[in-house]
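A.B. asks: From first to last, the protein sequence lines stand for chains A and U.
Following our numbering, the numbering of the first sequence begins with 33 at its first residue and continues without gaps.
Following our numbering, the numbering of the second sequence begins with 281 at its first residue and continues without gaps.
Just so you know, these hints were derived from the structure itself, not from any lab.
Nothing false has been slipped in among the hints.
Anything over 10 Å on all C-beta distances counts as not near chain A; from chain U, calculated: (1) 287; (2) 291; (3) 298; (4) 302; (5) 345; (6) 348; (7) 351; (8) 352; (9) 353; (10) 360; (11) 363; (12) 366; (13) 392.
Using C-beta positions, here's what the derived DEER-type ranges look like: (14) 283/U <-> 143/A: 29 to 37 Å; (15) 72/A <-> 308/U: 27 to 35 Å; (16) 287/U <-> 48/A: 33 to 41 Å; (17) 336/U <-> 111/A: 42 to 50 Å; (18) 100/A <-> 310/U: 28 to 36 Å; (19) 48/A <-> 357/U: 45 to 53 Å.
For lysine-lysine, the following DSSO-like pairs were computed, each having C-alpha atoms within a straight-line distance of at most 30 Å: (20) 100/A <-> 376/U; (21) 363/U <-> 139/A; (22) 139/A <-> 92/A; (23) 376/U <-> 92/A.
All C-beta atoms, glycine included, are put in the ideal place defined by N, C-alpha and C.
So you can see what is in the structure, the chains are spelled out below.
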Amino acid sequence: GDSVTQMEGPVTLSEEAFLTINCTYTATGYPSLFWYVQYPGEGLQLLLKATKADDKGSNKGFEATYRKETTSFHLEKGSVQVSDSAVYFCALSSGGYQKVTFGTGTKLQVIP
Amino acid sequence: DGGITQSPKYLFRKEGQNVTLSCEQNLNHDAMYWYRQDPGQGLRLIYYSQIVNDFQKGDIAEGYSVSREKKESFPLTVTSAQKNPTAFYLCASCSKDLSTDTQYFGPGTRLTVL
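Looking at chain U on its own, in the form it has when it is part of the complex:
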């Protein structure tokens, strides 16, 4: 089955630690995205990548980093510089044009900082 997988589903981190969230897709999509979801705030874009070895900052990139070494993978690192990292993180992908092609979402990772 084609789709997007995210792991782990739940993640706990101590303050001051970096943590990496995994996102893999087998849809052969060019573009991949990371969103953060907080209660009552909808989704906010962290980073996106249109092509391998290239990525762009979204609206709330501070304290996060990404890489895109393979087409199917787009891991997100939450660094210790992110002041309030507890949130639900969603990865998504799209074939080409967001206005005409469907954006598919993974099941999400819930990160809690202890």
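Pulled out of the complex, with its shape left as it was, chain A reads as follows:
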């Protein structure tokens, strides 16, 4: 079945540091890939997505490129802010209504 593996946290960075959160996946066919963000005590919000190979999703300075050859969708940001502190989830969907498969989440803490 489908699965998503993302790097364990927590990740602690200083403000303005470069961020990478690794994500790899296993799926049949050609899934769509997502990054969601969850702020403390809240639900998840879609951060970015990519629906086919070599697509780059981007939003709020975050980027991720759909790499079919390495089955990866790593999240990057050039300069993190304290307000980026949250839990980040990598996810995939093989389509239809059925479900989204989530990784276990990576907690990011940015210190001033």
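Starting from the known structure of chain A, fit chain U onto it as the hints suggest.
C.D. replies: Just chain U now, kept in the frame of chain A:
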């Protein structure tokens, strides 16, 4: 404003009691979902519904029940058969196709069994 509301935000239950979590959306979405979130385990699908009066079991449906009598509402009942119900519960909705349409989440309900 369009969105998903969940109530209550915090819920306490005694062992052996059933409890119902509310989820309402005004996005006119066809599909609705219930997930359970436990620390370090990501989100796991409990039930989903593609259309009114129809729903399907997800990966961890045992001890839970749902109904979908109205398009905008998808309540979840945690029954006494659920062995470890303490968790954060998230409701979500999507217009049609999860691979192309955004899945929107509610703010969650934290259930604690005393």
